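Participant: The listed protein sequences derive, respectively, from chains A and B. So the first sequence is numbered by the working numbering: it starts at 1082 and just counts up by one. So the second sequence is numbered by the working numbering: it starts at 12 and just counts up by one.
Keep in mind that the hints were calculated from the coordinates and are not lab data. In this text the structure is predicted, and so the values were computed from the model without any measurement. Heads up, a few of these hints could be off.
In silico SDA-like links for lysine to any residue, alpha-carbon gap of 20 angstroms or less [claimed, not checked]: (1) Lys1126(A) - Pro156(B); (2) Lys1126(A) - Leu153(B); (3) Lys1126(A) - Leu131(B); (4) Lys1126(A) - Ala130(B); (5) Lys1126(A) - Leu142(B); (6) Lys1126(A) - Gln123(B); (7) Lys1126(A) - Ser120(B); (8) Lys1126(A) - Ala126(B); (9) Lys1126(A) - His1161(A); (10) Lys1126(A) - Arg132(B); (11) Lys1126(A) - Arg127(B); (12) Lys1126(A) - Asp154(B); (13) Lys1126(A) - Arg1148(A); (14) Lys186(B) - Leu142(B); (15) Lys1126(A) - Glu124(B); (16) Lys1126(A) - Ala1138(A); (17) Lys1126(A) - Gly155(B); (18) Lys1126(A) - Pro150(B); (19) Lys1126(A) - Arg128(B); (20) Lys1126(A) - Thr117(B); (21) Lys1126(A) - Met1154(A); (22) Lys1126(A) - Gly151(B); (23) Lys1126(A) - Lys186(B); (24) Lys1126(A) - Leu1116(A); (25) Lys1126(A) - Asn133(B); (26) Lys186(B) - Pro148(B); (27) Lys1126(A) - Ser152(B).
Chain by chain, the residues run as shown.
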Amino acid sequence: MNKMQPGPELDLSPLPEVSRISLDPERVEQDLARLVLGLMEFLRKLMELQAIRRMEAGSLSEEEEERLGLTLMRAEAALHRLAGQFGLSPSDLSLDLGPLGRTV
Amino acid sequence: MIALGLCHVGDASRTGLPHRSVGRLAVLGEAVTEPRDLLELILSVAERLDAFLPFGPRNPPDFTWASSWVEERTSDLAPALDRLAGRAELLVTLSPRDCQVADTGTGRSWLQEKARRHALRNHLETQMNLLAPDATPIPGSLDGPVEAAILMPPSEMRDRAHDLRSRCSGSLSCKISGPWPAFNFAAALRRSTSAAS
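Here chain A stands alone, though its shape is the one from the complex (with noise of 0.2 angstroms):
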């Protein structure tokens, strides 16, 4: 087999993790702020994908637009704050449920 190693255009970060949500005694401030912020998360983009179909069925008027859109912009970036605070990227929110899959 030819000799494997990490690519210039690859870190961790693609390379899939153990299907399991583990909460370590040591650092479980951060695993448990993960799990809540995770699921927060998952409702947030669910909200996000909603008003998406609802603009594009052209069911929202403009005001509607601008005060959903301005919501989940908030509360993006909200989320992506206290995630920052608990040395969390926007990213370590994608929680993986194993069979079920990921939840974003």
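For this one, chain A is given, so just place chain B on it according to the hints.
Facilitator: Relative to chain A, chain B alone:
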């Protein structure tokens, strides 16, 4: 000790790593903590063995837990390991070449930008299916690049990469790397065997 992955029981001693036999299979372990060290160890094992099913290096399972997990699924995992013989993964990433971010100063423009990214993501997925229908999609964000892994002999990867790049349209950027251990094959297998049990 954490688990690195699985190999045929007859190959385990060639790695020089602690291992536990589970029927035809062996779970390989080692006491490492840093993801980068673990990745290098997995790469070196994959180089030495013809068939190796790795666990993901970012959050590897505990050795005892992994051994029990394997024991319950030997009948699924043994043929999967046989299928891996002589093959590795080619990783393909598709993204837009010109990724202009629109003004998102207002709520409406933010929503429109999100809609544009979702549409782009769907387009990228379609393109990936056309370029590499045999690839395993890698779960990612809803509005980021699209990634997929192709399981194939490393000796054929150069030609395949050349073919993929030549067929990739001008508006898309196509990044290709490999050979990699079968991380994504293993992840998909783990999802399917966990769901079945």
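Participant: Are the Cα atoms of Lys1126(A) and Leu142(B) separated by 20 angstroms or less?
Facilitator: Not OK: Lys1126(A) and Leu142(B) at ~29 angstroms, beyond 20 angstroms, violated.
Participant: Given the proposed pairing of Lys1126(A) with Leu1116(A), does the C-alpha separation stay at or below 20 angstroms?
Facilitator: OK: Lys1126(A) and Leu1116(A) at ~15 angstroms, within 20 angstroms.
Participant: Holds or violated: Lys1126(A) and Lys186(B), Cα atoms, limit 20 angstroms.
Facilitator: Outside the cut-off at roughly 27 angstroms; violated.
Participant: Decide if the proposed pair is consistent with the structure: Lys1126(A) and Arg128(B), CA atoms, cutoff 20 angstroms inclusive.
Facilitator: This hinted pair holds, its Cα atoms lying about 13 angstroms apart.
Participant: Against the 20 angstroms threshold, does the CA-CA distance of Lys1126(A) and Ser152(B) hold or violate the hint?
Facilitator: 10 angstroms, holds
Participant: Would you check the hint for Lys1126(A) and Gln123(B), treating anything up to 20 angstroms between C-alpha atoms as holding?
Facilitator: 15 angstroms, holds
Participant: Is Lys1126(A) within 20 angstroms of Arg132(B), Cα to Cα?
Facilitator: 15 angstroms, holds
Participant: Within 20 angstroms, alpha carbon to alpha carbon, are Lys1126(A) and Gly151(B)?
Facilitator: Holds: Lys1126(A) and Gly151(B) sit about 14 angstroms apart, inside 20 angstroms.
Participant: When you check the alpha-carbon spacing of Lys1126(A) and Ala126(B), does it fall within 20 angstroms?
Facilitator: With a Cα-Cα distance of about 12 angstroms, the restraint between Lys1126(A) and Ala126(B) holds, given a limit of 20 angstroms.
Participant: Is it true that the CA of Lys186(B) sits at most 20 angstroms from the CA of Pro148(B)?
Facilitator: Status holds; Cα separation ~15 angstroms.
Participant: Holds or violated: Lys1126(A) and Arg127(B), Cα atoms, limit 20 angstroms.
Facilitator: Answer holds: Lys1126(A) to Arg127(B) is near 15 angstroms, not above 20 angstroms.
Participant: Starting from Lys1126(A), check that the Cα of Met1154(A) is at most 20 angstroms away, please.
Facilitator: This hinted pair holds, its Cα atoms lying about 11 angstroms apart.
Of the numbered hints given earlier, the model fails hints 5, 23; all others are met.
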